[in-house]
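Engineer: In case you want the letters, here they are:
There are 4 protein chains.
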Amino acid sequence: MGRRKDNSMFIYPEEYGRLKRGPQVVLPKDIGIIIAYSGVDKNCVCVDAGTGSGWLALALAKICKHVYSYDTREEFSGIAEKNRRMLNLDNITFKTGDVCKGISERNVDLVTLDMPSSEKAVRAAAKALREGGTIVGYLPHTEQVRKFADKLGKAGFSGIYTIECIVRDILVRESGTRPSTKGVWHTAYLTFGRKSANKTQ
Amino acid sequence: MGRRKDNSMFIYPEEYGRLKRGPQVVLPKDIGIIIAYSGVDKNCVCVDAGTGSGWLALALAKICKHVYSYDTREEFSGIAEKNRRMLNLDNITFKTGDVCKGISERNVDLVTLDMPSSEKAVRAAAKALREGGTIVGYLPHTEQVRKFADKLGKAGFSGIYTIECIVRDILVRESGTRPSTKGVWHTAYLTFGRKSANKTQ
Amino acid sequence: MGRRKDNSMFIYPEEYGRLKRGPQVVLPKDIGIIIAYSGVDKNCVCVDAGTGSGWLALALAKICKHVYSYDTREEFSGIAEKNRRMLNLDNITFKTGDVCKGISERNVDLVTLDMPSSEKAVRAAAKALREGGTIVGYLPHTEQVRKFADKLGKAGFSGIYTIECIVRDILVRESGTRPSTKGVWHTAYLTFGRKSANKTQ
Amino acid sequence: MGRRKDNSMFIYPEEYGRLKRGPQVVLPKDIGIIIAYSGVDKNCVCVDAGTGSGWLALALAKICKHVYSYDTREEFSGIAEKNRRMLNLDNITFKTGDVCKGISERNVDLVTLDMPSSEKAVRAAAKALREGGTIVGYLPHTEQVRKFADKLGKAGFSGIYTIECIVRDILVRESGTRPSTKGVWHTAYLTFGRKSANKTQ
Numbered sequence: 002m003g004r005r006k007d008n009s010m011f012i013y014p015e016e017y018g019r020l021k022r023g024p025q026v027v028l029p030k031d032i033g034i035i036i037a038y039s040g041v042d043k044n045c046v047c048v049d050a051g052t053g054s055g056w057l058a059l060a061l062a063k064i065c066k067h068v069y070s071y072d073t074r075e076e077f078s079g080i081a082e083k084n085r086r087m088l089n090l091d092n093i094t095f096k097t098g099d100v101c102k103g104i105s106e107r108n109v110d111l112v113t114l115d116m117p118s119s120e121k122a123v124r125a126a127a128k129a130l131r132e133g134g135t136i137v138g139y140l141p142h143t144e145q146v147r148k149f150a151d152k153l154g155k156a157g158f159s160g161i162y163t164i165e166c167i168v169r170d171i172l173v174r175e176s177g178t179r180p181s182t183k184g185v186w187h188t189a190y191l192t193f194g195r196k197s198a199n200k201t202q
Numbered sequence: 002m003g004r005r006k007d008n009s010m011f012i013y014p015e016e017y018g019r020l021k022r023g024p025q026v027v028l029p030k031d032i033g034i035i036i037a038y039s040g041v042d043k044n045c046v047c048v049d050a051g052t053g054s055g056w057l058a059l060a061l062a063k064i065c066k067h068v069y070s071y072d073t074r075e076e077f078s079g080i081a082e083k084n085r086r087m088l089n090l091d092n093i094t095f096k097t098g099d100v101c102k103g104i105s106e107r108n109v110d111l112v113t114l115d116m117p118s119s120e121k122a123v124r125a126a127a128k129a130l131r132e133g134g135t136i137v138g139y140l141p142h143t144e145q146v147r148k149f150a151d152k153l154g155k156a157g158f159s160g161i162y163t164i165e166c167i168v169r170d171i172l173v174r175e176s177g178t179r180p181s182t183k184g185v186w187h188t189a190y191l192t193f194g195r196k197s198a199n200k201t202q
Numbered sequence: 002m003g004r005r006k007d008n009s010m011f012i013y014p015e016e017y018g019r020l021k022r023g024p025q026v027v028l029p030k031d032i033g034i035i036i037a038y039s040g041v042d043k044n045c046v047c048v049d050a051g052t053g054s055g056w057l058a059l060a061l062a063k064i065c066k067h068v069y070s071y072d073t074r075e076e077f078s079g080i081a082e083k084n085r086r087m088l089n090l091d092n093i094t095f096k097t098g099d100v101c102k103g104i105s106e107r108n109v110d111l112v113t114l115d116m117p118s119s120e121k122a123v124r125a126a127a128k129a130l131r132e133g134g135t136i137v138g139y140l141p142h143t144e145q146v147r148k149f150a151d152k153l154g155k156a157g158f159s160g161i162y163t164i165e166c167i168v169r170d171i172l173v174r175e176s177g178t179r180p181s182t183k184g185v186w187h188t189a190y191l192t193f194g195r196k197s198a199n200k201t202q
Numbered sequence: 002m003g004r005r006k007d008n009s010m011f012i013y014p015e016e017y018g019r020l021k022r023g024p025q026v027v028l029p030k031d032i033g034i035i036i037a038y039s040g041v042d043k044n045c046v047c048v049d050a051g052t053g054s055g056w057l058a059l060a061l062a063k064i065c066k067h068v069y070s071y072d073t074r075e076e077f078s079g080i081a082e083k084n085r086r087m088l089n090l091d092n093i094t095f096k097t098g099d100v101c102k103g104i105s106e107r108n109v110d111l112v113t114l115d116m117p118s119s120e121k122a123v124r125a126a127a128k129a130l131r132e133g134g135t136i137v138g139y140l141p142h143t144e145q146v147r148k149f150a151d152k153l154g155k156a157g158f159s160g161i162y163t164i165e166c167i168v169r170d171i172l173v174r175e176s177g178t179r180p181s182t183k184g185v186w187h188t189a190y191l192t193f194g195r196k197s198a199n200k201t202q
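Protein chains in written order, with the working numbering: chain A, 2 to 202; chain B, 2 to 202; chain C, 2 to 202; chain D, 2 to 202.
Just so you know, not all the hints are guaranteed correct.
Any copy will do: because identical chains look the same in the list, a pair fits if it lies in one copy or spans two.
What the hints assert, rightly or not - With a Cα cut of at most 30 Å, we get these calculated DSS-like pairs of lysine-lysine: (1) K43 to K21; (2) K183 to K96; (3) K83 to K43; (4) K83 to K155.
Honestly, the hints are just simulated from the structure, not real lab data. The model shown is predicted, which means the values in this text are computed figures rather than measured ones.
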């Protein structure tokens, strides 16, 4: 039953703090949207870049077959590795490397990009993905969204689609029910695309 | 590879329409939040009520061990069953019955409630859940949120937490980048709670 | 030209801090919505309760003929009076009193209510308003919205209408354009109604 | 009393339809924010471009001393003029002309720009404004926001500030209280700036 406790890692905000985090992490709201919109399942193989504190990679590993997580910065794999052990997950491989220069894996179902200049990794991602596989860019700024979406179009992706997910906390108290006065307004935009048949080379 | 295509069911809005839907379905945005915040994984067993068109049950089945989905209305299991076959999932059991009167399963990891008067199912859900398991109410109105949250408190749940998830479509066009002028503003509030040790009887 | 400087009081957030404030003030976003949705102009007479720090009363006085601002708590008129002098406005009358027990003015164009149990002031507001005049409740909680809207209906108001105004700060920086990560999520709901002919007694 | 009825023009959505409208109008939510954040009052003179259907110009005329409203397209002044007569306002002057080529007025308190390439009108607006006067750009796309904000900075404006105002309709019904499922998500961003002393030439 020990492992069972790990299931609750994403009850937010109570227990989220158990995992180590660097300065920036992908929050559960965006992790949830990536999972639901990409439709990944138990049979899926994912590539994630960059690793950061590993929250997205770990969340994907909990529900997918295997996750390969790349980061150019070696120091991050330490934090992510600690988090991996804490969650007792053995289906995740941390790799130090630059996905813009190439992704070794092939026929993967999902590539997630949370890194500067994500648009530079689109070609490598297209090679790594199976037909119909999903690419997702995690993009804080609108200028990045435009560059990334434009690059997806040029690389032959279809169903290019950008959303922003906003989660409001609702307080239910003796004094009444209302949204919290303050909260996280923005993390990043998520831009999705699907690899089409016979369009990328 | 046939099954692989099913992975893409949640690229929204392009392919969502493949599944049959009744008048109301739980949208991917809320499905994603339920998955990420409850932290369910490949080892989890879930109970879902009501089935409706089965979208939430099917999404959970894609990533969990088994899903038991209840509905009092027999006509819905037909739609949900068609959707189950389309997605080729065999780890979901549709049951006709009222979860307010009892849930047969025990030691489950997640109970999701999308039904009128969800608060009446809290006691049965508490019995079905393992310690540390998560309950989620999908609640369109604020009055329901209050009733449900109050009932969770009385039934000994901890970490009671309500959110609203809003997804904005962002248009990236030749003329410029901006949020879509119109969109889905509200589906339902999600109220979460966790079964605490030694608190429910 | 001295007075001219006062015009800029509402450039937010730079200069808002010039005015004294108590623990709670009506923010410019809500002031703007009240002005635009009620359609008040230079010929209008307004009643405001409660005064608080006077921000709403002062903003209305800047554009209307006269404002009568009530508060049951005498200590607030001091802060509001200081703010009135700072803005050099002479068309505002601060009154200590409970609007639930009666409003002396008649034929007014707008009654704004920012106080506990606003619904108890609806009858008095109906007497004070001209036909077609607007009532606005500033209501933090959903339970208050329901009580207030119900009371408006019983008192014969028409066009009963509730909104929530959310203002997001957008950052435009060298690094890119994006919404601010944090901000004010919620102040209060605004419920509007119009006094109909021959319906209130 | 005839004029009094006009006060209610902005109760939205019930009576908004009384005025003629072209394909695009500035909605009351944005009008309210412009009024509250610029702090205009009864003594203010405003310049507005482009006129369009005149909604913004008319709303400003209701509360300010005088409004000069420019549009390059002559056909719009017809609609705006009809609306002016319907509201019985005599303190508004419609002008056909391109504000990018110059604004005749001087020492004005507010310049509002709702037109393509608003950034091209910034220099002329700076000349027209008094020190401390406010400029507002109504800008649908993020690319326009960046261009406009950059231009304000170069032209010596201070307090440059961008917001997005979102108004959610809240339904209060027998069945419960909740946000409307659909609504207007986006109209435009509003970028504000103030003319500083000794900075523009």
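Engineer: Within, between, both or neither: how does the pair K183, K96 come out at a Cα-Cα threshold of 30 Å?
Structural biologist: Result: close neither inside a copy nor across copies, 38 Å intra and 33 Å inter.
Engineer: I want to check one pair: K43 and K21. Are their C-alpha atoms no more than 30 Å apart within a copy, between two copies, both, or neither?
Structural biologist: Classified as both: same-chain Cα gap 26 Å, cross-chain 23 Å, threshold 30 Å.
Engineer: Please sort K83 with K43 into within, between, both or neither, judging by C-alpha distance up to 30 Å.
Structural biologist: both (23 Å within a copy, 21 Å between copies)
Engineer: Treating 30 Å as the Cα threshold, decide for K83 and K155: within, between, both or neither.
Structural biologist: This pair counts as neither: shortest intra-copy Cα distance 39 Å, inter-copy 37 Å.
Violation of the numbered hints given earlier is confined to hints 2, 4; the remaining hints are satisfied by the structure.
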